[in-house]
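Peer 1: Residues per chain are reported as follows:
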Amino acid sequence: MTEPDIPSAYVRDKRTAPPSREELRARIPGWGVDLDPADRPSSPKLQYPAQTGAHWDFPDRQPGSAGRERSIEHAFVTPVFGTAQPLHGPSGAIRRLAYQRFSEARLAHWLLLVAGDRVDAWGSHLQSFGSTRPDVPATGVRTEASHGGLRSRAGRSDRRHHVVDPLLVAGPWVAAAGVGAVAVRRLARALRR
Amino acid sequence: MRAMTYRGPYKLRVEEKDRPRIEHPNDAIVRVTLAAICGSDLHLYHGLMPDTRVGHTFGHEFIGIVDEVGPSVQHLQVGDRVMVPFNVFCGSCWFCARGLYSNCHNVNPNATAVGGIYGYSHTTGGYDGGQAEYVRVPFADVGPVQIPDWMHDEDAVLLTDAAATGYFGAQLGEIVEGDTVVVLGAGPVGLIAAQSSWLMGAGRVIVVDHLTERLAKAREMAHAETLDYDELDDVVVELKQQTDFLGADVVIDAVGAEADGNALQQFTGPKLKLQGGSATALNWAIDAARKGGTIAVVGAYGPIPNAVKFGDAMNKGLTLRMNQTPVKRQWPRMFEHVLNGHLTPRQMVTHRFPLEDIAEAYHVFSAKLDGCIKPLVVPNAT
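So the protein lines, in turn, are chains A and B. So that you can map any letter, position 72 of the first sequence is 72 in UniProt numbering, and since no number is skipped, the others follow by simple counting. So that you can map any letter, position 299 of the second sequence is 299 in UniProt numbering, and since no number is skipped, the others follow by simple counting.
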């Protein structure tokens with residue numbers, strides 16, 4: 001390898017200079033308008049806005065915080081909070097345990113929340129079977145026909161794992177249906193005896 | 001009112017829900033006129049975000065018209081046309097007082113590590129989101145801004161997260177004139193990050209993805225060079241060769257938890273949920289950056305630990321910068337860029353779905369069908 005062929009990483013300076021300002025400005029709309037970090041709104045990281053719109057030192061407290069779950073890394077339930085989907089049932093008990101017992105630093109906190117999510121979802125699926133709108137394993141799949149499912153995936157590497165998606169999504173439903181069928185058959189047999 | 005509701009992983013539908021009500025004196029109720037589905041909504045849709053409850057309404061990118069205000073609201077009036085940052089923030093806590101609006105400490109009792117976000121699980125505060133006819137907007141005097149008359153609705157809705165996050169990602173990279181910037185991911189955030197990198201003086205911008213229509217958009221809209229990693233044996237080696245074996249000065253991870261490109265990461269993350277998503281993009285960023293370079297992370301990951309090559313990041317002396325975007329801080333400067341045509345968010349919109357078809361919209365976006373780059377959701381579509 002001759003001297004000029006040695007790549008930039010092994011010598012003092014980059015072998016190829018970047019394009020000139022004029023060239024870049026001609027090619028790229030707005031090139032360099034934020035070149036000065038002073039023009040970048042997030043530089044420096046910490047800034048002290050003169051006015052945020054807040055007209056309080058500490059916000060009024062939203063009513064209804066008693067009993068609401070919170071991270072134990074917080075001093076209290078924050079003055080404002082979401083009230084959507086309050087804790088309820090077995091999933092609520094699992095989630096409450098996650099919040100009351102484990103900080104965000106503990107993996108158990110997050111794994112319990114994930115467990116609560118699954119219990120919540122399956123409890124809701126079971127409830128839905130007694131309603132006029134039963135849940136299905138996956139929604140929106142009709143777009144595979146209307147929006148070119150096969151055509152869209154042609155040549156894409158993620159086809160490989162898309163193939164297992166139906167198994168991962170519908171598999172638990174098939175297993176649950178199987179367990180249910182076996183249970184019903186055993187119950188019927190027991191009743192016949 | 002009609003609202004998107006979560007029924008479990010891969011399952012959504014539209015349901016009738018109660019219209020939200022004023023719960024705090026500084027609340028507003030906004031009638032949503034346009035919303036969007038964000039790539040990070042897919043983490044919820046796929047069941048990756050802990051404490052995502054059945055019945056939750058997603059949606060943190062939305063604009064609308066003020067329908068009701070609480071008694072302490074001074075800066076907004078009923079009828080105002082507003083854009084709402086995805087961050088719920090108080091404007092007065094230690095963090096907001098220092099401009100870290102996305103790290104507000106007064107709005108999310110469920111976690112201290114993340115601030116409040118609309119429609120993004122109870123881990124971010126338990127606020128229903130904007131893929132609905134109405135949404136509760138806390139701290140109406142702090143977050144929302146009236147949409148300028150000249151601004152297109154589709155630009156406005158994208159400025160509430162995706163576009164602001166792309167612009168923020170480029171800033172995190174601390175780009176200096178002539179830098180080579182690699183953007184991982186040619187989704188909406190990556191496309192704006194690529195455009196923004198030029199504004200900050202990049203000498204070269206390379207966008208990496210594997211979806212041909214997105215790479216074409218990166219070339220056309222962001223004037224970037226592109227690499228399709230499906231066509232390469234090893235994308236990191238290619239990037240090293242293309243940068244004369246230095247590596248990139250700045251790498252922006254605009255992918256996050258859903259990254260493809262590594263089967264083990266894909267199966268243990270998005271599929272089996274054993275880690276907070278796939279860390280493929282982050283690991284490629286660590287490998288592709290030059291020693292002493294900077295990695296900007298604006299792709300979202302879940303709170304469960306990820307398999308990240310942290311040792312290499314340390315050995316290379318990398319600077320890792322990241323945050324959820326403090327959106328409102330970006331807006332004054334971004335408004336100028338949109339007005340001047342330097343940033344063109346609405347060019348990314350490929351699909352518009354009525355709210356009633358929300359399940360179809362999520363499936364198309366998640367599976368990347370029909371060249372979908374950015375889907376919008378239209379409540380009350382006729």
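Honestly, the hints are just simulated from the structure, not real lab data. Quantities reported herein were computed from a predicted structural model and do not represent experimental measurements. Incorrect hints may appear among the rest.
Calculated pairs, SDA-like style, for lysine to any residue (alpha carbon to alpha carbon, straight line, at most 20 Å) [what the hints assert, rightly or not]: (1) A:14 with B:273; (2) B:240 with B:315; (3) B:368 with B:380; (4) B:368 with A:14; (5) B:240 with A:165.
Example chain A residues on the side facing chain B (calculated, C-beta under 10 Å, incomplete) [said to hold, decoys possible]: (6) 69; (7) 100; (8) 101.
To be clear about the criterion: a stretch of chain A counts as covered by chain B if any three or more of its residues have a C-beta under 8 Å from a C-beta of chain B, and this derived list gives those stretches [as the list claims (entries may be wrong)]: (9) 4-16; (10) 28-42; (11) 54-67; (12) 111-119; (13) 146-159; (14) 177-188.
Backbone N, C-alpha and C fix where the C-beta goes; we use that ideal spot for every residue, glycine too.
Peer 1: Please flag the earlier hints that this structure goes against, numbers listed from lowest up.
Peer 2: Hints 1, 3, 4, 5, 7, 8 and 14 contradicted; others consistent.
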